[in-house]
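Student: Chains A and B are the protein sequences, given in the same order. According to numbering that gives the first Met the number 0, the first sequence is numbered sequentially starting from 0. According to numbering that gives the first Met the number 0, the second sequence is numbered sequentially starting from 0.
You may find that some hints are simply not true.
[Said to hold, decoys possible] In silico lysine-lysine, BS3-like type, Cα no more than 25 Å apart, as pairs:
no. : chain 1 : residue 1 : chain 2 : residue 2
1   : A       : Lys168    : B       : Lys139
2   : B       : Lys79     : B       : Lys48
3   : B       : Lys50     : A       : Lys98
4   : B       : Lys42     : A       : Lys165
5   : B       : Lys42     : B       : Lys139
6   : B       : Lys79     : A       : Lys168
7   : B       : Lys50     : A       : Lys11
Please keep in mind that the hints were generated in silico from the structure rather than gathered at the bench. In this text, all values refer to a predicted model and were calculated from it rather than measured experimentally.
This is what each chain is made of:
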Amino acid sequence: MIYLQLFWEFLKIGLFAVGGGMATIPFLEHLSQSSGWYPLSFITDMIAISESTPGPIGINMATYVGYNVGGLPGGVIATLGVVLPSMVIVTIVSRYLEKFNGNRLVDSAFYGLRPAVTGLILVAGLTVVQTSFFHVYELADFARLTEVLDWRKLLFFGIMFFAIRKFNKHPIFYIAVAAVIGIVFQF
Amino acid sequence: MSDPKQKTDTLLRLYLTFFKMGMVTFGGGYAMLPILEREVVEKYQWAEKEKVLDYYAVSQGLPGIIAVNVSVFIGYHRRKVPGGVAAALGVVSPCILIITLIAACLQNFQNNPYVRHALAGISVCVCALIASTLMGLWKKSVKDWTGFLIFLVVSALSLFTSLSPILIVVAAAVCGILIQEARRRGAK
Chain A
0 MIYLQLFWEF LKIGLFAVGG GMATIPFLEH LSQSSGWYPL SFITDMIAIS
50 ESTPGPIGIN MATYVGYNVG GLPGGVIATL GVVLPSMVIV TIVSRYLEKF
100 NGNRLVDSAF YGLRPAVTGL ILVAGLTVVQ TSFFHVYELA DFARLTEVLD
150 WRKLLFFGIM FFAIRKFNKH PIFYIAVAAV IGIVFQF
Chain B
0 MSDPKQKTDT LLRLYLTFFK MGMVTFGGGY AMLPILEREV VEKYQWAEKE
50 KVLDYYAVSQ GLPGIIAVNV SVFIGYHRRK VPGGVAAALG VVSPCILIIT
100 LIAACLQNFQ NNPYVRHALA GISVCVCALI ASTLMGLWKK SVKDWTGFLI
150 FLVVSALSLF TSLSPILIVV AAAVCGILIQ EARRRGAK
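Based on the sequences and whatever the hints tell you, model everything.
Tutor: This is the structure we're talking about:
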């Protein structure tokens, strides 16, 4: 029963992949070898598609693999499998968090967690900057920085940032405008 | 029950709001933060800014996809288990629709030049949105010098080492407890 197998495999990924969507990649590589459902080369395509479509990357990858293995029901089942552990675990943790709301130790822990997660978000943002502003992925030589930096994008970033701070429109508005500008100016 | 906001958190509204967010999140869980703040914090006032940040912090250390974990946290916060389920299903539904559509009918979608240019524009925009969100978070999260120190150390560790984010998150929580307890002792 392929659907049951799909569900089980993605349940395991949802349970053990800690740290977000990209953390699922090693599991998908392993699954490729153990199940033979798709070749390893398929994973690169899958990452490209996941990154070029909306939605959390981890979910997109589950749907994509599931669809290719078992059609539409396969996509739905793999996605539900990857999400189910989150639902159960977060529900349990939520219950405890609300119970200990106002607890001195928990508050103190969050005193340390909040700046930490702000740092993690900053670094996640910088990773996006690295891949979207530069023509190369790894910056090997800082002396050649100006050659690989895309100045048009940097200018666009400045304008966007100013507009976001100044006009406070819905993020969807800015995303739509950015897509159009990307096409018009051939980013 | 006299709170007028109470009416906005029906299961259907939760599902649809998270559907909308899943639809326009390009990238991982953190790319969802700007739109999440707009919808959950500002528009519906389902949770305060600090609470959302706390959910991100805990989600980082839990298994599963961060965007889904945060969605379940917010859904559960409003409407318990059914709320968590509605939020999770909401955020994954657009993925199922869009990916299925692409896998079924749009071969080489990711190599289409229009798609690539549009995405390049969007990714710059996502940077600007995250930068703007970070400025708002900064005031809520880094409140004093020790907080700033934690922020600096975590940023450096995450940028220059391949330490697991779980380890970083757990260490930060322990630091928070130690610092605050030391302060309480000092105050006595």
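Student: Could you run down the list of hints and mark each one as holding or not?
Tutor: Evaluation of the provided hints:
For a cut-off of 25 Å, the pair hint linking Lys168 of chain A to Lys139 of chain B stands: about 22 Å separates their Cα positions. With a CA separation close to 20 Å, the supplied pair Lys79 of chain B and Lys48 of chain B stays within the 25 Å bound. For the proposed pair Lys50 of chain B and Lys98 of chain A, the alpha carbon gap of about 15 Å is at most 25 Å, so the pair holds. For a cut-off of 25 Å, the pair hint linking Lys42 of chain B to Lys165 of chain A stands: about 18 Å separates their Cα positions.
Pair hint Lys42 of chain B plus Lys139 of chain B holds up; C-alpha atoms about 19 Å apart against a cutoff of 25 Å. For a cut-off of 25 Å, the pair hint linking Lys79 of chain B to Lys168 of chain A is broken: about 31 Å separates their Cα positions. Distance check on the hinted pair: Lys50 of chain B and Lys11 of chain A sit about 29 Å apart at the alpha-carbon level, beyond 25 Å; violated.
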